[in-house]
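Enquirer: So you can see what is in the structure, the chains are spelled out below.
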Amino acid sequence: MLNRILPVLTILIAIVAFWYAMAIHMNAPWQNTLNTRANLENVPVTEFAQQTWAQAKPVLPAPHQVFSEIWSATVAMDLTSKRSLAYHSWITLSATLLGFAFGTVLGVLLAVAIIHNDATDRSLMPWIIASQTIPILAVAPMIVVGLGAVGLTGMIPKALISMYLSFFPVVVGMVKGLRSPENIQLDLMRTYDANSWQVFWKLRWPAAMPFLFASMKVGIAISLIGAVVAELSNAAGGGLGVRLLTGSYNGQTVQIWAALFLAAGIAAVLVALVGSAEKYVNARMGARA
Amino acid sequence: MQKLLASVAGGSAALGLVLSLTSLSAAPLLLIFFIAGALTLIRFKKPLPIWVDGVLMVFGAYALIASLPAEGTMPGHHWLALISAWAFSWLFVEELSTAIRLGKLPHTGTGLVIPTIFGLALLIVWEVITRGAGVPPVLLPSPSAIAARMAAETYILTQDFIQTFIKSVLPGYAIGCLAGLLVAIAVDRSPFLKAGIMPIGNFMSALPIIGIAPIMVMWFGFDWQSKAAVVVAMTFFPMLINTVAGLNAASSIERDLMHTYAANYWQTLMKLRLPAAGPFIFNALKINSTLALIGAIVAEFFGTPVVGMGFRISTGVGRLAIDLVWAEIAVAAVAGSAFYGVIALIERGVTFWHPSVRGGRA
Chain A
1 MLNRILPVLT ILIAIVAFWY AMAIHMNAPW QNTLNTRANL ENVPVTEFAQ QTWAQAKPVL
61 PAPHQVFSEI WSATVAMDLT SKRSLAYHSW ITLSATLLGF AFGTVLGVLL AVAIIHNDAT
121 DRSLMPWIIA SQTIPILAVA PMIVVGLGAV GLTGMIPKAL ISMYLSFFPV VVGMVKGLRS
181 PENIQLDLMR TYDANSWQVF WKLRWPAAMP FLFASMKVGI AISLIGAVVA ELSNAAGGGL
241 GVRLLTGSYN GQTVQIWAAL FLAAGIAAVL VALVGSAEKY VNARMGARA
Chain B
290 MQKLLASVAG GSAALGLVLS LTSLSAAPLL LIFFIAGALT LIRFKKPLPI WVDGVLMVFG
350 AYALIASLPA EGTMPGHHWL ALISAWAFSW LFVEELSTAI RLGKLPHTGT GLVIPTIFGL
410 ALLIVWEVIT RGAGVPPVLL PSPSAIAARM AAETYILTQD FIQTFIKSVL PGYAIGCLAG
470 LLVAIAVDRS PFLKAGIMPI GNFMSALPII GIAPIMVMWF GFDWQSKAAV VVAMTFFPML
530 INTVAGLNAA SSIERDLMHT YAANYWQTLM KLRLPAAGPF IFNALKINST LALIGAIVAE
590 FFGTPVVGMG FRISTGVGRL AIDLVWAEIA VAAVAGSAFY GVIALIERGV TFWHPSVRGG
650 RA
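Line order of the protein sequences matches chains A and B.
Numbering (our numbering) for the first sequence: 1 to 289.
Numbering (our numbering) for the second sequence: 290 to 651.
Treat the hints loosely; a few may be bogus.
[Said to hold, decoys possible] Quick list of in silico lysine-lysine cross-link-like pairs, DSSO-like style, CA-CA up to 27 angstroms: (1) A:Lys279 x B:Lys334; (2) B:Lys456 x B:Lys575; (3) A:Lys176 x B:Lys456; (4) A:Lys279 x A:Lys202; (5) B:Lys393 x B:Lys456.
[Claimed, not checked] Among the chain B residues that face chain A by a calculated CB cut under 8 angstroms, a handful are: (6) Leu394; (7) Ile501; (8) Trp508; (9) Phe509; (10) Val595; (11) Val596; (12) Thr604; (13) Arg608.
To be clear, the hints were calculated from the coordinates, so they are not data collected in a lab.
Note that beta-carbon positions come from the ideal geometry of N, C-alpha and C, so glycine has one too.
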C-alpha cells in the first residue's frame, strides 16, 4: 500500500511546490507594478511571495486561493444562490447524467444493430467514426439555438450534446464486446439449439460486460465535457461552463480555476462510481477480483 | 429483412402511384419512378437482379430532387416517393452486403460503395426534408445552400482553415505528441516516477482539459499560440498513457533474447520496444487527431483575432448566418477525417505486422 501511495504523494507535493513557485514568477510583474504605485520599496522576499499569492486577479492563482474560493462558493454559501458553485455544478451534473444515459442506451442499441446486420455494419460504422471528427463545439451552438426554436431549452439540448460525444466509445466498445465470444462458444450454443435471442442474452451480453464498463468510464468523462461545452454557447442557463466563460470575460482567474477544479472533481467521482459499479457487477457475475 | 424492405419500397411506390393519379398533380419523372417501383413487386413471384434496385435508387433520388416544389410544403405522394427511394437504397445496400458475404462480389471497392451510398442517401433525405417541408434556413439550411455558401466564401474558409488548422492544430499536435512520447520513455526508466505519474496521468486524461482554454488565452494571448497550448495539453496525456502501456507490450521472452544479444538499453528500446509499442502510439495519434481540432476550435470561443473556425462559428450563430456555420463544420469535418485518414494510412505502413492491420480492418 505504502509503495503505491508514496510515489503519488511525492509527485503531488512536487506539483504543488512547482505551482507555488510558478505563481510567484507569473504574478511578479504585476505585483511589482502595484508596489511601485504604492511607493513600497525593498519588500523582503518572503513578504513579496505572500503578496503574489494573495492578488485579487492573479495570472496564476495559488492553490490555497483556488481551494478557499471553492470552499466559500459551495459550503459557505446558500445552496440555491445563483453565485453558488454547488448550484452551477448541479446544473452541469444533471445534464451530464441525462446525456450519459441517452448516450449509453443509443450506443448499445447501435452496437446490437451493427452485430446483427451486415448492411448496418458496412453502412453505419464508417459514418459513426466520421461523426466524431465533426467538432461538437461547432454544432453545439446550433443545437442549442435550433432546439430552443422548437421550444426545448435548458437541460435537453445539453444532454443531447453529451449524448453525441458519449455514444461513440460505447458503440465501439460494445461492437467489440458483443463479437468477443469465440466460435467454439457459439458452436456450443448451437448444439444447445439456442435461438439468436438466447445466444444474445446468455452469451454475447455477459461477454460484453467488461467492454461496456471500460467504454462507460470513457463515456461519462466525455459527457461531462459535452455538458460544459454546451454551456459555453448558452450563457443564460448557468452551469460550470458559464462560470468559465464569465470568469474569462471578467478576468476572474480564481473563479475559472475553481470551476475547473470542481469539474475535475466531479469527473473523478463519476468515473470512480462507474468503476465501483463495474466491481459490483463483476462480483455478481462470479469474476475473481 | 430484405422481404420487408422490398414490400415497403414497392408498396409505397404503388400507393404513391394511386395518390398521384387521383390528384393528377405529380411530375412526369415521379410518375415514371412510381410505375417502375410498383412493378418491382413482381419480385415476390420472380426474383429480380440486384442492379434493378440500384437503378431505381439513383433514379428515385434524381426524380425527387428534380421535382421538388419551389416553395411551400410537398404534397403527400412526394413523401411516399421519399420513403420508397430510401427503402430502395437500403434494399440495394442489403443485397450488396449479402453478395459480398457470399463471395459473389469482391470485398475491396464494393466495401467502399456501401458507406458512400449511405452518406449520399442521408444528404438527399436532408435536402428533400429541409426544402420540401419548408424548414427555415435559420434552423437548418439545406445541403445545396451550404454548398453554395462554401463556393461563395472560399477566401474566408481558407483563411480560417489556415489560422485554426495549420497554425494552431498542427504545431500543438506535434509538440503535445512528441512531449508525451518523450516523457513516457523517461517515466519508463524509473519505476518510482512511473508509480507516481501514471495514476495522476490517468486522472488528468479523464478531466475536461478543454476548461483550461480561458487560462491559456490569458497566458499566451489571443493569437494561435494559446490555441496550440490548449492542443498540447489535450494531446499530451493520451500519448503518455498509451506509450507507457505500449512500452510494456514487448514480452519478457523477447527482452531476454535482446539480453542474450548483449544489447544495451537504447538498442533494446529502438529495435524492440518502440516498434512493439507502435500500435499503442498510433492509437494515441488517432485519438489525438480529432481531439486536437476540437481543442483548437473551443479555445477560439474564449477570444481570438477575427479569423479562425471557432471564431466564425461563434459569431456566425450570433448573426444567424447558419449556412456559413455549416460550411465551417463541413470544412472541419473533412479536415478532421482527412487528418485521421492520413494517420491511419501511415499506421498501416508502419505497423503492417500487427494482427489488427493484417486482418484488413483497422
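Enquirer: Within 27 angstroms, alpha carbon to alpha carbon, are lysine 456 of chain B and lysine 575 of chain B?
Expert: holds (20 angstroms)
Enquirer: Would the hint on isoleucine 501 of chain B stand, with a C-beta cut-off of 8 angstroms toward chain A?
Expert: For isoleucine 501 of chain B, the interface hint holds, since the closest Cβ of chain A sits about 7 angstroms away, which is under 8 angstroms.
Enquirer: Going by Cβ atoms only, is valine 595 of chain B closer than 8 angstroms to chain A?
Expert: violated (17 angstroms)
Enquirer: The hint names arginine 608 of chain B as touching chain A; please verify it with the least Cβ-Cβ distance against 8 angstroms.
Expert: violated (12 angstroms)
Enquirer: Once the shortest beta carbon distance from tryptophan 508 of chain B to chain A is found, is it less than 8 angstroms?
Expert: The hint holds - tryptophan 508 of chain B has a Cβ within 8 angstroms of chain A, the shortest such distance being about 7 angstroms.
Enquirer: If you take the shortest Cβ to Cβ gap from threonine 604 of chain B to chain A, is it below 8 angstroms?
Expert: violated (10 angstroms)
Enquirer: Need the status of pair lysine 279 of chain A, lysine 202 of chain A: alpha-carbon distance at most 27 angstroms?
Expert: holds (20 angstroms)
Enquirer: Just to be careful: measuring from the Cβ of phenylalanine 509 of chain B to every Cβ in chain A, is the smallest value less than 8 angstroms?
Expert: violated (11 angstroms)
Enquirer: Tell me if leucine 394 of chain B is really an interface residue toward chain A, meaning its C-beta lies closer than 8 angstroms to one of theirs.
Expert: Given a least distance of 12 angstroms, the restraint on leucine 394 of chain B is violated.
Enquirer: Can we keep the valine 596 of chain B interface hint, with Cβ of chain A closer than 8 angstroms?
Expert: Violated, about 16 angstroms.
Enquirer: Below or equal to 27 angstroms on CA atoms is what counts here, so check lysine 176 of chain A against lysine 456 of chain B.
Expert: violated (37 angstroms)
Enquirer: Run the distance test for lysine 279 of chain A versus lysine 334 of chain B: straight-line Cα separation, threshold 27 angstroms.
Expert: violated (56 angstroms)
Violated hints for the displayed structure, listed by number in ascending order: 1, 3, 5, 6, 9, 10, 11, 12, 13.
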